[in-house]
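Protein chains in written order, with my numbering: chain Z, 80 to 411; chain G, 2 to 346.
One should not assume that every hint holds.
Unchecked claim - So these bits of chain Z aren't anywhere near chain G, every CB distance computed over 10 Å:
1) G173
2) F191
3) E197
4) R200
5) R218
6) Y221
7) S241
8) C253
9) E301
10) I309
11) T338
12) R343
13) Q389
14) A392
15) S403
16) D411
Unchecked claim - Capping the alpha-carbon separation at 30 Å, the derived lysine-lysine pairs in BS3-like fashion look like this:
17) Z:K157 with Z:K145
18) Z:K407 with Z:K244
19) Z:K157 with G:K151
20) Z:K285 with Z:K316
21) G:K151 with Z:K244
22) Z:K407 with Z:K278
23) G:K151 with Z:K236
24) Z:K285 with Z:K86
25) Z:K244 with G:K146
26) Z:K236 with Z:K145
27) Z:K316 with Z:K157
28) Z:K145 with Z:K244
Think of the hints as simulated: they come from the structure by calculation, not from any bench. From the three backbone atoms N, C-alpha and C, an ideal C-beta is built for every residue, glycine too.
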Amino acid sequence: MKRHSEKEIWGIVIFLSLVAGVGFVAGHSRRSVTTSAAAINPVIEIADASRQSNPPAPINTKKTTKPAPADLTILNGKEFVDVLPSLETLARSGNLEAARVLYQRLRSCVGFEDASDEAIRDRENANYQQQLGISRRIRSEYPDRPENPMFSEASLKQAHESALKAAFDRRDLCTSLTPLQISRHLDWERFALERHDRKTILDATKPDSTEVRGAERVRNAERLADMAEIEGNELNKLISTGDLVALERAAYAYGSDSTGLLRRDPELAYMYTYALSLAGGTRNDLHQISATMESLASGRPLHPPLSAQQVDAARARGLALFQSCCAKGTHD
Amino acid sequence: MSTYRSALTVLAAAIVLITGYELGSSRLVDTRTQVIAALPLSNSAPTQTQSPNTWQRITARSELLRNKRKEQTAELPSGPFGRNISDLRRLADAGNADAAYALAKGYRDCQFFVPPKDDSEVAQRAEDSTVMQLNVVDQIVDQVKNTAEKQGKNIGKIPEVAIQPVYQGNLRAGQDQVRQCTGVDTDDARDWMVWQKRATELGNPEAELTYWILMVQSADMLSVEELVQDKQLASAALQDAVSRGDSRALIAIGEVLQNGWFAEADPYLAYAYFYAASQAPYASIHTLPWMGQSIFAVLANPDNTQTYLQQHLDRAGSSLTPAQQLAAQQLGLALFEQCCKWNGA
C-alpha cells in the first residue's frame, strides 16, 4: 500500500511538472501572437540600408522580349519598355551604357503624374506661349539688339514640338512601368557607380542628379547615403588620375547651395577649387575659380564664412591634392 | 477518497498551469523593467568613512541637479517671444523641452520678419496678403470648375470666400508678429529647426508629433546623412508619443505609412493605425499640430478628425480586400487598446 502510494505521488509530481512546463511554454509564446505589439515597433521601420553589390534582380515578367538595339540612346518610351528585359540582361553582363540608359530613363518617371493628351498639349502650349511672349517683348523693348537665334520664333516652335514629343514619350514610358520598376533607378545608378562608370560618377555630382526630392529623398535616405559614400570615393579615384572634369565637378558638388547626393562642405569645396586653380586654364576659367573661392570663403546664405585657418588648411590640402593628382599631367 | 484525491490533483494541476503561464509571459513583458532594474545605481561600493569635503561635494552636486531639474520643469516666461529669448535659451540648455519648443516655434514664426515702419504698413501688408490669397483661391476655383466642366460634372455653386474675415485674420497675424518678433535676430531665427530637433529629443509632445512632417518638408535642404539621422529621431518620437498614450500619434503614423515617407507605403498597416485612431473621441482638426492653419489648409482639409480619418480610411482601404480590411480593423483595435485606452482616450 505504501509502495503503491509513493508511486502514485511520483506520478502526480511528474504530471504536475509537465503541466507547469506546458503553461510556461504557452505563456512564453503569448507575446509573439499579439500582433499589435509587433506592429507598434516595426511600423515606421526605416528602409533597409544594407549594401547591395549584386546587380538588381530582374522584375520584368515579360516572357518574350525584343533585343536591345545597338544605339540605346535613341529608344523612345514604348521601345524602351519593349526592350527593358534585354537592357537589364545587357547591364547585368557589364554593359554600363545599358545601366546608364536604365537609370536615366527610369528616374525620368519619378514623381510622374498621368495626364490626358489634351492636358499635355495645354501645358506645353502654355509654356510655348509664355516663351513666345517673352521673346516678343524683348524684341519690342530692344529693337536694336541682334536676335538670339535660340529665341527666334522658328527655334521656339521647333523647341515646342520637341517638348511636346518628349512629353508624350514620357507619358508612354511612365504609364507602362510599375512603381517597383521605377524605384529601381537608384539600384542601376549604384550599379554603374560601383563599376567605376565615369559618366555616372560625373552625372551624380549634379545637385538634381538623382531626381530624388522631397518625400522620395526621405524614403531613400539610407540608399542615398550609401551611394554618396561610393560617389565620393569614386570621384576621388577619378581625380587621382588627373581628371580635371572630375576635379571641377567635385568643387561644384561640395560647394553648391543646392543639396544633391554629396554633402555640402565649403572647406572641401575650397580645397578642390584651389587644386583646380593650380591646374591653370584660360583667363575666364581662372577668374571664375577665383570668384568661387572668394564666395566660399566669405560664406553664403546657407553656410557661415570660412575662418582664416580653414582657408589656410584648405589651401594646404588643395596644394597636396594638386601635387599628387595633377602636377605631372591632366586630362579632361 | 479516490474522487477527492483526483479533484485535488486537477486543482493542483490548474494552479501549476496558471503559475507556469504567468512566469513564462512575465519573462518577456517585463524586459524593460528588468533593464531598468539592472542599471547600476553607483559605480563602486560606498566606503566606510567619508571626509567632510566629500559630503560638501555631494551636497553641491545634489543642489546643482535639483536646480537643473527645476529648470527642466520650470514654467515658461510669459510675454512677447522677442523679449524672452535669453530666458528660453537658458531653460532649453538645461533640458527644458517646452522651452526648446517655444524657441523653435517663435523663431520659425519670425524667420522672415521685417519690422514695419508704422501701423499703416502692417495694414498695407495685410491687404496685400489678402489680395494675393483671394487671387490664388480664385485660380484654384477656376481650375476645379474647368476640370469638372471637361469631365461633364456639375459641382454646383462654390461659395465665395468672405473678404473681411480673411483680411481681419491677416491683420491680427501681422500685429501679433510685430509684437512677438520685435527684437529677434533673423539669423538666429533661420536655425529654428535646430531647436525643433532639440525639443523633439527632449520629448516635447507637440514637437514629437510634428518632427516627421517638418523633416519631409525640409528634405531638399538636408544632406542625406542628416536625413538618415532625422528619420530615426522622427520614428522614435512617434513611438514615444504612442507610448505616452497620445492617439494623435496613431494618425501621424498612419500618414507616414500611407504616404510611404519612411519606407515603402503600407496601406494595410496605415489602415490599422487610422482605424485605431478612430477609436479615440473625435476632435477639431486643429488638435493635430501638423495641420496647417493657412487659408489654403483650411479650405483643403475637413474641420474635424472624424471626416479626416474617414477620408484616410477610404483611401487606404481602397487597395485592400474586405478580408484585409477586417484583419486591419482587428489590429487597429488591439493597437488602440495598447496605446491609448488606459489614457482615457
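How the hints compare with the structure:
1. G173: Per Cβ check, G173 of chain Z is outside 10 Å of chain G; nearest 28 Å; holds.
2. F191: holds (16 Å)
3. E197: violated (8 Å)
4. R200: Since the minimum Cβ distance to chain G is about 13 Å, R200 of chain Z lies beyond 10 Å and the statement holds.
5. R218: holds (29 Å)
6. Y221: holds (31 Å)
7. S241: The claim stands: S241 of chain Z keeps its Cβ more than 10 Å from every Cβ of chain G (closest is about 27 Å).
8. C253: holds (18 Å)
9. E301: violated (6 Å)
10. I309: holds (12 Å)
11. T338: Incorrect as stated: the minimum Cβ-Cβ distance to chain G is 6 Å, not above 10 Å.
12. R343: violated (7 Å)
13. Q389: Holds, because the least Cβ-Cβ distance between Q389 of chain Z and chain G comes to about 19 Å, which exceeds 10 Å.
14. A392: Correct as stated: the minimum Cβ-Cβ distance to chain G is 21 Å, above 10 Å.
15. S403: holds (27 Å)
16. D411: Correct as stated: the minimum Cβ-Cβ distance to chain G is 29 Å, above 10 Å.
17. Z:K157 with Z:K145: holds (12 Å)
18. Z:K407 with Z:K244: violated (48 Å)
19. Z:K157 with G:K151: Holds, at about 28 Å.
20. Z:K285 with Z:K316: Satisfied, since the Cα-Cα distance of roughly 18 Å is no more than 30 Å.
21. G:K151 with Z:K244: holds (24 Å)
22. Z:K407 with Z:K278: At roughly 24 Å apart (the allowed maximum being 30 Å), K278 of chain Z and K407 of chain Z satisfy the hint.
23. G:K151 with Z:K236: Status holds; Cα separation ~27 Å.
24. Z:K285 with Z:K86: violated (84 Å)
25. Z:K244 with G:K146: Given that 30 Å is the threshold and the Cα spacing comes to 29 Å, the pair holds.
26. Z:K236 with Z:K145: violated (35 Å)
27. Z:K316 with Z:K157: violated (37 Å)
28. Z:K145 with Z:K244: OK: K145 of chain Z and K244 of chain Z at ~23 Å, within 30 Å.
Of the hints listed earlier, those the structure fails to meet are numbers 3, 9, 11, 12, 18, 24, 26 and 27, in rising order.
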